[in-house]
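In order, the protein sequences belong to chains A and B.
Residues in the first sequence are numbered consecutively from 1, following the numbering used here.
Residues in the second sequence are numbered consecutively from 1001, following the numbering used here.
A few of these clues could be false.
Said to hold, decoys possible - The calculated lysine-lysine pairs, modelled on DSS-like cross-linking and capped at a C-alpha distance of 30 Å, are: (1) A/Lys510 x A/Lys534; (2) A/Lys527 x B/Lys1573; (3) A/Lys330 x B/Lys1017; (4) A/Lys527 x A/Lys491; (5) B/Lys1587 x B/Lys1573; (6) A/Lys573 x B/Lys1534; (7) A/Lys330 x B/Lys1096; (8) B/Lys1587 x A/Lys573; (9) B/Lys1330 x A/Lys108; (10) A/Lys587 x A/Lys201; (11) A/Lys330 x B/Lys1108; (12) B/Lys1527 x A/Lys573; (13) A/Lys534 x B/Lys1534; (14) A/Lys96 x A/Lys108; (15) B/Lys1573 x A/Lys534; (16) B/Lys1624 x A/Lys624; (17) B/Lys1573 x A/Lys573; (18) A/Lys570 x B/Lys1573; (19) B/Lys1570 x A/Lys534; (20) A/Lys534 x A/Lys587; (21) B/Lys1534 x A/Lys570; (22) B/Lys1573 x A/Lys96; (23) B/Lys1587 x B/Lys1624; (24) B/Lys1096 x B/Lys1017; (25) B/Lys1108 x B/Lys1096; (26) B/Lys1330 x A/Lys17.
Honestly, the hints are just simulated from the structure, not real lab data.
Number of protein chains: 2
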Amino acid sequence: MTPASIAVIGASRHPAKIGYAVLDNLVRGGFGGRIIPVNPQADELLGLPCARSLQEIEGGVDLALITVPAPAVDNAVQASIDAGVTGIIVVSAGFKETGSAGGALEEKIARLCAEARVRLLGPKSLGVINTRHRMNASFARHMPSTGGISVLTESGAVGTAILDWAAARRLGLAKVIAIGNKADLTEIDFLDHFARDEETKVVIGYLESISSGDEFIRAAEALAAVKPVVIFRAATTQAGGQAAARHTGFKPGADVAYAAAFKRAGVVRAETFEALIDYGTALAMQPLPWGDRVAVITNGGGPGVVTADALEQVGMRLASFSAETSAALKAGLPPQAAAGNPIDLLGDADPGRYARAVELAQQDDAVDAIIAILTPHAMTQAAATARAVAQRAPVDKPMLMVLMGSVDVMPGRAEFVASGIPDYPSPERAVDALRAMREYAAWQARPPRVVTRFPVNRRRVERLLVRQQRTGGLEVGEVRAKEILRAYDFKVPEGLLTTESDLAVEAAEKLGYPVAMKIVSPDIIHKSDAGGVKLSLADAEQIRDFYDLLTLRVMRHAPEARLEGIYVEKMCKRGLEVTIGMRRDPKFGPMLMFGLGGIFVEVLEDVAAGLAPITAEEATQMLKSTRSYELLRGARGQAGVDISAISQGLQRISQLVTDFPQIAEMQINPFIVGPPGQDPMVVDARMMLTEAEA
Amino acid sequence: MTPASIAVIGASRHPAKIGYAVLDNLVRGGFGGRIIPVNPQADELLGLPCARSLQEIEGGVDLALITVPAPAVDNAVQASIDAGVTGIIVVSAGFKETGSAGGALEEKIARLCAEARVRLLGPKSLGVINTRHRMNASFARHMPSTGGISVLTESGAVGTAILDWAAARRLGLAKVIAIGNKADLTEIDFLDHFARDEETKVVIGYLESISSGDEFIRAAEALAAVKPVVIFRAATTQAGGQAAARHTGFKPGADVAYAAAFKRAGVVRAETFEALIDYGTALAMQPLPWGDRVAVITNGGGPGVVTADALEQVGMRLASFSAETSAALKAGLPPQAAAGNPIDLLGDADPGRYARAVELAQQDDAVDAIIAILTPHAMTQAAATARAVAQRAPVDKPMLMVLMGSVDVMPGRAEFVASGIPDYPSPERAVDALRAMREYAAWQARPPRVVTRFPVNRRRVERLLVRQQRTGGLEVGEVRAKEILRAYDFKVPEGLLTTESDLAVEAAEKLGYPVAMKIVSPDIIHKSDAGGVKLSLADAEQIRDFYDLLTLRVMRHAPEARLEGIYVEKMCKRGLEVTIGMRRDPKFGPMLMFGLGGIFVEVLEDVAAGLAPITAEEATQMLKSTRSYELLRGARGQAGVDISAISQGLQRISQLVTDFPQIAEMQINPFIVGPPGQDPMVVDARMMLTEAEA
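Looking at chain A on its own, in the form it has when it is part of the complex (with noise of 0.2 Å):
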C-alpha cells in the first residue's frame, strides 16, 4: 500500500494501450517514490529513464505492476520475484475468464507468488489506489481527492465508475482497491486491511462472490464493528441452489444466504449500484441516527408528502415536535407556512426560513435526523441556502439534502458537500440512505451475541449417525429422525414400530387412541405422497384395517422398496403447523429456516433464514421478519402460539447442526406449536447426511 518505488513492466508510449495508461496514471497522480518504466526497446518514457529489464534495476523494487499480454505474464512475474518485489499488480486480462487454458495460467503465476511468498493482486486488476500516498497505480484515469471513503471492488468497471462519481462530486477517497481474479489477495485480506487502516472512515465494496463465507463474515463482522462497510452484491442466479430449493420446499437462492450473512456482520447491503454510493456518501459525511423520527424540511409540498410516504415504506416516521419547537416554528414561518412536519417553508423560502428551520430541528430531542429538501422556484438562492443550512447544521444527528433539480438547486451542491452535508436527488434516495444508517446504528447497538447451549445428549446422537451410516444410507427416515431430535430434547409423539397388524393394535392400546399409522422404509422418504400416511385412528378394527391398506399401498407404489414396518403414533393436540430447519450452504455453512408448515412455505415465499449458531435473540428476529409472524401472535380472533418454542427450536437445531457437520439437511415439518404451556411436537421430520461423513 505504500510502496517506495514501483516498476512497470510493459510501460508502453501508445496513449492507447495500458502499459501507457497506469505510466500515465502514476506520474500524474504524483506519486512521491520512484518510477521505474520497464520496456526493453526504450530508453525513456513520459520523461523516465527506462530500465530494459528488472535485473537492470539498482537498488530493487518493491512493487511490480505487470501490464504485459497474458501469455508474457507468467515471466514477468518471475523477473519480479528475482528482483525481490514484495508485491505484485498483474493489471493484464485473459486469464480464469477465459477458459481453462487461461485458468492454468492464473493458477501458474499465483502458485509462483505463493512460492516466493510475494503477494499476488489480480490479475484482471484495476489496480490500487493510495490517495495519501499519492499513489496511482491502476488504469483509472482519476487521482481523486483524500478523503475517508475506501472502495473495495471486484470489478474494475465498477471502480472506475465510482473514481469518476466522486471525482465529480469531489469526495474524498482514501483507498481504492480492485481485486480482479483474486488468485491470491482477496476480499477478506482487505476487509481485514481496512479495519486497520486509521486513514478508511467507511468502506463500500461491490462484490459477485466471496471465496469464504466464514472468513468473510469474521473479517466484515470485525470491521463493520469499527467502521461502516457497505457492499453491492451482484446476486448471481444459481441453477444448484434452484434445484435444492425445490427439494425442501426452501426457496432461498444462494441470495438469501448472503443477505442472512450480511445482517450478521453488521454490513449495510446496497441493492444497487446508486444505492452503493448513497449508502456510503451518507455514512462518510454524518453520524449515525439514535432512532427514527425524522423532521422534513422543505419549500414545497409535493416533495414533503414524498417524503412522508418513503419513511413510512421503510418503516421510519416524521418526528413530533415539542410544543416549543412548534411554537417557534408558527412565530418564524410566514402564516401560510405549514408549520407541522413536514415543514412546508413554501415557495419563496429564502435562506433563512432554512436556517432557522434546521436550527429548531436540531435543538428539538424529538427529532432524531433531519432530511431537507430545496427545489428550484424562481426566488430560490441554493448556493445562499446551502451556506445558511450549513453553518446551523448539527453535529449530533445525521443531516441529508434533497437538490431536487439540476441547475437551480447544484450551485448549492459544491457547499454542502463542502460542510459535509450529502445531497440526493429525491426524497426517496436521501431517505433509503437514512434507513441504511440506522441499520447500520441498531446492529452497533445490538446486544452481545450470547448463544445457548442447551444441555442434550450429544453421545447418543452420535450412536444413532453411525448406525445411519452403516444401514440405512444418506437419507435419515422419519423414525429415526426423531429419535435424533428427541436426543437434543425436541418432544416428539409416543410412537412403536410395530411389524404386524396385532402388534400395531397392541402398541396403539398402549399409547392411547386415536393413533395415525405410517410406513416406515428407507427407500420412500415422501410418506404422504406414496399413500403411507394415516391420521386419526380411533380402534382396533381400523388399526388392523390400515395396517394391510398401508402395506398394499406401499407394495403397489414401489415394489421394490424394503418395509421395515408400521410406525404407530400417538396423536398429538392441535397447534399451528411451522416448518423448521437447516439447510448448509456452499458459502456460509448451516443456515437455519423457518417458514409456515404445509404447502404455504414454497408458494408463499415467506421463509426466514439465519445462520447457526444462532442466538435466541437472533431466533426471534427470524420469527418476526416473516409476514406469518402475525400468525404466531394470534391474528383476527385466533389465540397466538407460543413464540419462545419455535424459537428455542431453531436454537436446538442451530446446536445439532453445529455439533455434527455431517448433517447436511434438515426439516421438521410440521413442527405442532400450541398456546404457551403446551409442548410442540414434531410430527414429522427428516435428514440428509453428506456424503463424505456419511
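We have chain A; now place chain B onto it with these hints.
Frame of chain A, contents of chain B only:
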C-alpha cells in the same frame, strides 16, 4: 393554452415577489402576444406599460394571471370576469390548504368563475407553460425548449424540479400545467386536452389525489390509447382504508385501487420521482419493445452482471443471439472480449467496437431491445462513442444508454440526447425504464375488452334485496347471501333452515349425511367466532346433540341475538379454499379481490385486486398476479384446481355488483374449488349493503 393577451394582476417591481417573477418569466420567455402588468401604483414595469386596473385595458384580455395576496383574489377574479377574460390562473396561495376560511374563499372564486363560464386554474397553481406558444405563465424560472413531453403536476415544487432537470438535460417539453388546488380545472380536463394535443407525445404527471375515479379511468385510458402517460402518485396513507381492511381481511389501502385503476387505464406507474423522469424520457425518445429479449453491450464485466440481474428481477431476459450474430461478434471483437450476452467489449473498447456491436444487435431478430453501458476507463472516448453508437442506433427497437460515472462519461450525454437516445446513471434504472416500456407495449397490444354477461336471475336478486332491506338491515347473512349468489348461478351446497332438532334430523336425512349445521341470526355475522358452526355431522344423534349445543352457545355468546334457526347443509367435496369478494373503493368503485381462503388472506398479504366490470382475461391476470397462483396450478404433487371456475366466479361477482350498486361489500369465504369438472362451491358468504340504497 394559446392566449393572445395576458394580464398579470399583482405585477410587481420587487424581484423577491411572485408578481415580479411571473411577469419576468413571461417577458423573458419571449411571449409573442400582449402582456399587460396590472398594478395601481405603477406606470411601467419591466419596460411594459402598466394598467392601473383591468377596466383600463383596451381591446380586452384573454387570460388573467392573479398573484395578489389571497384576501384580494376574489376581487381580482371578479374584475377579470368583468373584463371579459376566458381563463384565469390563480397563482396565489392561502386557500383550501390553510383551513376552512381559505376553503370558503376558494369556493367563492370557483363559484364566480362557474357562473361566468370562465375556466379557473388553481388556486395555488405554479402556472402554465406552453413552449411552442413561447408562453411561460408561471413562476418557474425556466422556459424549456420545445419537445414532446408534457407535464401535469399537482405540486408546483415537483413541477419546477422537472423543469430544472429538463433544462439541464436539454430535453424538450411541450406543455407544463400545475393544477394546484383544482378548484375548477382538474387533471381530467388536461388528460382530455393532452389526448387531442398534437404537440404532446408523452405525458408525465405527479398526482396526490384524483377528482373522480370513473372520469380518471375514462380520460387516462383514452389518452394512453394514443400516447404514453406516466404517473407518479404520492400514496398517502388513509386511516379509513385501513379500518375497512381490518374488517374484511382485505388490505389494499387505497393504493391497491389506484394500482388497479392505472393498470386498467394503461397508465405507466412510476414508483419514485426519478422513475417518473426515467420512464417519461424513454417513452418520449424511443420506440416500444416488441418483446422482452434484451441485448446488453458493455465495456466492463461487472455492470453486465448487474444488468443481467436487474433484467431477471423485472421478468425480462437476455436475448440469445442468432448464429450469424454470434459469429460476427466473435470475428469482430478482440479474443478476450465476451461475445455472448452481455457482450463485454473490454475496458479499452473504442467507438468502433461499440458501433459494431450495436449494429449486430440491431440486425438480429432475436433482439427486442438494446441496453449499452459505458463506464469510464483511461481509454474511454465518451463523445466519440456516443456519435458512433448514435449513427448505428436502431430505429425500430428501443436502445437505452447507461453512463456510469460522471465527468468522464457525460461528454457523451449531449450527443446521445441529440440523437434521441436516453441515458441512465445505472443499469438498474435503464432496466426499470425498459420494463415500463414493455408493460405499456403489452397494454397497447391487449385484446379488446369483452365483458361477459352471464344469463342470471336478476329479478330474484331484486326481490331478495328488497326483502333484506325491509327486514334484515345492512348486513346480509349467510343464508340470504347464498340465495342471491345462487340466482347468479353460483353453486351452493344444498341446505335447509330448521327451527327444531327433529326438523334438522329430517333435513339432514333428506340431504344425505354428512352435513354441516350453522346458526342463523341477523345479529351474528361471524358465526365461527361465536362457536356457531359444526361440520361433518354423521348421524341423527349428532344432529340432535349439536342442535341443542349450538342453540345454547348462541344464548351464552349473544343473549340478545335473534336466532332464526339452524341451517343444515350438505357437506361439499374437498378442494382448495379461496376467497373472492368485492369492496367499493371511494374513488374507483367496485373492486374485486381474490386470495387464499381462511386466515391466510390477511396475514400473507397475497391478495389481487381488479376493477369491476372485469373481463375473463383480466380475471385470469388477477389470479396470475398472486404468489398463490402456483397453488392453483398445482404445486408439489398437489393437483391443480379449476382456475377458470375462480375466474368465472370473479366475473359473476363483477356482474352482480355492477347490476346492484347497493351491494357495498361482499365476500365468499371459503369458495371451494376442486379439479376441473367439479363445481366450485360457495361454502360461506356475506354481504353488506349501502346505507343510502338499503
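Contradicted hints - numbers only: 5, 8, 20, 22
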